[in-house]
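Participant: Given chain R, work out where chain Y with the ligand should sit, using these hints.
Chains R and Y are the protein sequences, given in the same order. Residues in the first sequence are numbered from 14 upward in steps of one, following my numbering. Residues in the second sequence are numbered from 2 upward in steps of one, following my numbering.
Treat the hints as calculated values from the structure; they're not laboratory data. A hint or two may mislead.
Stated by the list, open to error - Listed next, the in silico DMTMM-like pairs over lysine to aspartate or glutamate satisfying Cα-Cα at most 25 Å (straight line):
| id | chain 1 | residue 1 | chain 2 | residue 2 |
| --- | --- | --- | --- | --- |
| 1 | R | Lys573 | Y | Asp53 |
| 2 | R | Lys573 | Y | Glu21 |
| 3 | R | Lys43 | R | Glu58 |
| 4 | Y | Lys18 | R | Asp37 |
| 5 | R | Lys228 | R | Glu520 |
| 6 | Y | Lys18 | R | Asp291 |
| 7 | Y | Lys61 | R | Glu593 |
| 8 | Y | Lys3 | Y | Glu57 |
| 9 | R | Lys292 | Y | Asp14 |
| 10 | R | Lys280 | Y | Asp14 |
| 11 | R | Lys42 | R | Asp30 |
| 12 | R | Lys248 | Y | Asp41 |
| 13 | R | Lys141 | R | Glu34 |
| 14 | Y | Lys18 | R | Glu58 |
| 15 | R | Lys312 | Y | Asp41 |
| 16 | Y | Lys35 | R | Glu476 |
| 17 | R | Lys280 | Y | Glu21 |
| 18 | R | Lys297 | Y | Asp14 |
| 19 | R | Lys248 | Y | Asp64 |
| 20 | R | Lys553 | R | Glu593 |
| 21 | Y | Lys18 | R | Asp335 |
| 22 | Y | Lys3 | Y | Glu26 |
| 23 | R | Lys248 | R | Glu476 |
| 24 | R | Lys248 | Y | Asp14 |
| 25 | Y | Lys18 | R | Glu593 |
| 26 | R | Lys238 | Y | Asp64 |
| 27 | R | Lys573 | R | Asp291 |
| 28 | R | Lys248 | Y | Asp32 |
| 29 | Y | Lys35 | R | Glu242 |
| 30 | R | Lys271 | Y | Asp51 |
| 31 | R | Lys573 | R | Glu520 |
| 32 | R | Lys238 | Y | Asp41 |
| 33 | R | Lys280 | Y | Asp41 |
| 34 | R | Lys280 | Y | Asp64 |
| 35 | Y | Lys18 | R | Glu34 |
| 36 | R | Lys280 | Y | Asp51 |
| 37 | R | Lys280 | Y | Glu57 |
| 38 | R | Lys296 | Y | Glu5 |
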Amino acid sequence: MKVFNEKILRINLKNSDVTSEALDIDVAKKFIGARGLGAKYLYDEIDPAVDALSPDNKMVIVCGPATGSHMPTGGRFMVITKSPLTGGIAYANSGGMWGQAFKSAGYDMLILEQQADKPVYIYIDDDKVEIKDASQLWGKNATETTEALQEVYGAKAKVMCIGQAGETLSRLACIMNDIDRTAGRGGVGAVMGSKNVKAIVANGTSAFEYPDADKAKAIAMEKLKWLREQPATGKGLPSMGTAMLVNLVNKNGLMPVKNWQGSFYEKAEDISGETLRDKYLVKKSACFRCPIACGRVVKNAEGKDIGGPEYETVWVFGANMDNNDLGYINMANELCNDYGMDTISAGASIACAMELYEKGYIKDEEIAADGLSFKWADMESVLGWLTKMAMGEGFGKKLAEGSYRLAESYGVPEYSMSVKKLDMPAYDARGMMGQGLNYATCTRGGCHIKGNMNPAEVLAPPEIRLDRFATEGRAKAVQGTVNLATIVDSLGFCIFTRGVGIPGYVEMVNACYGEEVYTPESIVEAAERIFTLEKLFNTKAGLTMADDTLPPRLLNEPIKSGPSEGHVNRLYEMLPEYYELRGWDAEGVPTPETLAKLGLA
Amino acid sequence: MKIEVQLYSYLRDGRGKTVELDVHEHATTADVIKMLNIGDNVVANMMINDVDAGRESALKEGDCLSLFPLLTGG
Ligand code: SF4
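So that you can see chain R by itself, here it is in the shape it has in the complex (with noise of 0.2 Å):
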């Protein structure tokens, strides 16, 4: 394996022909890989506004030039489909062993075709490539499905699959891979389920192969040495997880409540990365070459260690439903990953439901058969909602195609707390405008990860904190922001490692290719390629100028206490520059001069 492997491994599953081409690499280059090489293709390949569930989309799963190196978090992949969650374009990054093990088989990208007529499993190893019958495994959970594949592959051969969600096509669903990492947003497991693919194993074998390969290891050892020493990733992460955020997010009035109706919760100490550390933790995990290791390892009900939950995890099946009982959490969490649900849009429609059922719009008689309730904090009922959700029955159904569709099912799409329909993580936006901005813009919708505002509004020193409630220049600094996440999701990393900055990346990428092939402005112009690129296919797929918003509750409502109190977003303060910015019309298209100027016309 090394930078490419200039190798696409191609799958029609209608009638199985499994062909292997090359990858043109200086497309490679042109998009980096990941993230932007799958986006590429997706585009090329497909019509945007094909049905996400049909056998007319493709799913792309891509690795980064970094994938599989001995560069620190460089063994992360992308899933690059049309998402059925959003009607737009959905990339769901991985972490795990899974990309490197596809890697090592000789691969940079699967492109899977059409739908298989009865399940399937594909298996990837150096020397085949193998379609095989799933029957036994369709209705498995993801741990079940990996558990067994691993006895027939061994302990040594990855594992990516959907759990019952992807299987029952839920808007929701997401994929597993190595047990508890996922792909998680946008519905990407449905799209899977409905081409039948029940699991993809990748046995690869080979070693990363460098031009030179002293230098590289030097640079990776170097990286490697600056993310122990700094606090964040030597410290904050690898002790509390990602859930170390709770209590300092609470404490700005940044975190939703009930469904986004508060911003500060009392009891968030009950939910912090310091409970979870103090009361749960059995040991850390990492993902491959991951020296920062923020995945939490608790014990589950039958006294099994399990992933623990992150900290959008925590909150939305937390402070967003009322409910301050960490060990709920670990339970949802863990039902979520084994049935492949995103547990970000699942806990989001719950609380959706719920404060639906508050107002009135949900009647009791709707729910009487289901037997369970849609209380605040009634989390016995959240649980038996994930296992309907999953396997599609009763008002499970409903849940399971996610919050605005539920919402909008009564005509009150504003309960939905979503962009393009995809739910938002748990910062509350009227407390930080660029997070707003981001939230709005994010072609895969309403993300925080691909451009998150968070550290440089909330997390840094007050020296170089920016105004969280200010506007001015706030565009500029999302569009960094997202820049910076799109080159880092196109390489091959982990976001996390997000402090060694755009010049660290470059040489870490030089370095696996052996030469010069980005400067720091070129990897940036690759990356405004790439989000255009991502724009474009938006556009096409029918999404326009009134999908970049932000629902009503934000930007009207304003923060009845707390810190971020009397605040709403000030989105259209910031969007008309934003557009400027990234070269597109006032209506957010991107024009004939910018597609001219990054190659994309």
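Facilitator: Structure of chain Y with the ligand alone, referenced to chain R:
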């Protein structure tokens, strides 16, 4: 004068969740950070009575100072 310090994340290790301190008049956040033997540039977020503060912010009798190390994640 007496103040209360609330510590977060790994700042609690070896210090506990809350510490009561006797500090001199006009003590600042930076003085308290020093008294608690927290290294330079470890603390990134500080609040006095739940309002954002800086390293040079002065404390008064009965204040509650919250200290967070530099965090990341999400
Ligand atoms: S920081 Fe966490 S999510 Fe990122 S690669 Fe490391 S263990 Fe995985």
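Participant: All the hints need checking, so say for each whether the structure fits it.
Facilitator: Status of each hint after checking the structure:
For the hint pairing Lys573/R with Asp53/Y, the CA-to-CA distance comes to about 19 Å; that is within 25 Å, so the pair holds. For a cut-off of 25 Å, the pair hint linking Lys573/R to Glu21/Y is broken: about 31 Å separates their Cα positions. Annotation: proposed proximity of Lys43/R to Glu58/R holds, straight-line Cα distance about 18 Å (limit 25 Å). A distance of roughly 56 Å separates the Cα atoms of Lys18/Y and Asp37/R; the hinted pair therefore is violated under the 25 Å criterion.
With a C-alpha separation of about 11 Å, the suggested pairing of Lys228/R with Glu520/R holds against the 25 Å cut-off. Using a Cα cut-off of 25 Å, the hinted pair Lys18/Y and Asp291/R holds, with the two alpha carbons roughly 12 Å apart. Distance hint between Lys61/Y and Glu593/R is unfulfilled; the C-alpha atoms sit about 48 Å from each other, more than 25 Å. Note on Lys3/Y and Glu57/Y: the hinted pairing holds, with a Cα-Cα distance of about 18 Å set against a maximum of 25 Å.
Of the supplied pair hints, the one linking Lys292/R and Asp14/Y holds, its CA atoms being roughly 15 Å apart against a limit of 25 Å. Restraint check for Lys280/R and Asp14/Y: satisfied, since their Cα atoms lie roughly 21 Å apart, inside the 25 Å limit. Between the alpha carbons of Lys42/R and Asp30/R the distance comes to roughly 28 Å, so the proposed pair goes past 25 Å and is violated. Proposed proximity of Lys248/R and Asp41/Y is supported: the alpha carbons are some 15 Å apart, at most 25 Å.
Proximity of Lys141/R to Glu34/R is assessed by CA-CA distance (about 15 Å); at most 25 Å being required, the pair is judged to hold. A hinted pair counts as satisfied when its Cα atoms are at most 25 Å apart, and Lys18/Y with Glu58/R does not qualify at roughly 56 Å. With a C-alpha separation of about 37 Å, the suggested pair Lys312/R and Asp41/Y falls outside the 25 Å cut-off, and the hint is violated. Between Lys35/Y and Glu476/R, the direct Cα distance comes to roughly 18 Å. Compliance with the 25 Å bound is thereby established for this hinted pair.
Proposed proximity of Lys280/R and Glu21/Y is supported: the alpha carbons are some 22 Å apart, at most 25 Å. Between Lys297/R and Asp14/Y the alpha-carbon distance is near 17 Å, which keeps this suggested pair within the 25 Å criterion. The suggested pairing of Lys248/R with Asp64/Y is violated, with an alpha-carbon distance near 28 Å, which exceeds 25 Å. Our distance criterion of 25 Å between C-alpha atoms is met by Lys553/R and Glu593/R, whose separation comes to about 20 Å.
Distance hint between Lys18/Y and Asp335/R is fulfilled; the C-alpha atoms sit about 24 Å from each other, no more than 25 Å. With a CA separation close to 10 Å, the supplied pair Lys3/Y and Glu26/Y stays within the 25 Å bound. Taking the CA atoms of Lys248/R and Glu476/R, the gap is near 22 Å; set against the 25 Å cutoff, the hint holds. For the hint pairing Lys248/R with Asp14/Y, the CA-to-CA distance comes to about 12 Å; that is within 25 Å, so the pair holds.
At most 25 Å may separate the alpha-carbon atoms for a hinted pair to count; Lys18/Y and Glu593/R exceed this at roughly 48 Å. Taking the CA atoms of Lys238/R and Asp64/Y, the gap is about 39 Å. The hint is violated against a cut of 25 Å. Between Lys573/R and Asp291/R the CA atoms are separated by roughly 32 Å; this puts the pair beyond 25 Å, and the hint is violated. A distance of roughly 23 Å separates the Cα atoms of Lys248/R and Asp32/Y; the hinted pair therefore holds under the 25 Å criterion.
In summary, the hint linking Lys35/Y to Glu242/R is supported, as the alpha carbons are separated by about 21 Å, within the 25 Å threshold. As the CA atoms of Lys271/R and Asp51/Y are separated by approximately 22 Å, the hinted pair is consistent with the 25 Å bound. For the proposed pair Lys573/R and Glu520/R, the alpha carbon gap of about 47 Å is over 25 Å, so the pair is violated. For the given pair, Lys238/R sits about 20 Å from Asp41/Y by alpha-carbon distance, which is consistent with the 25 Å threshold.
A distance of roughly 31 Å separates the Cα atoms of Lys280/R and Asp41/Y; the hinted pair therefore is violated under the 25 Å criterion. Between Lys280/R and Asp64/Y the CA atoms are separated by roughly 21 Å; this keeps the pair inside 25 Å, and the hint holds. In summary, the hint linking Lys18/Y to Glu34/R is not supported, as the alpha carbons are separated by about 59 Å, beyond the 25 Å threshold. A distance of roughly 15 Å separates the Cα atoms of Lys280/R and Asp51/Y; the hinted pair therefore holds under the 25 Å criterion.
With a C-alpha separation of about 30 Å, the suggested pair Lys280/R and Glu57/Y falls outside the 25 Å cut-off, and the hint is violated. Our distance criterion of 25 Å between C-alpha atoms is broken by Lys296/R and Glu5/Y, whose separation comes to about 32 Å.
This entry does not satisfy hints 2, 4, 7, 11, 14, 15, 19, 25, 26, 27, 31, 33, 35, 37, 38, going by the numbered hints stated previously.
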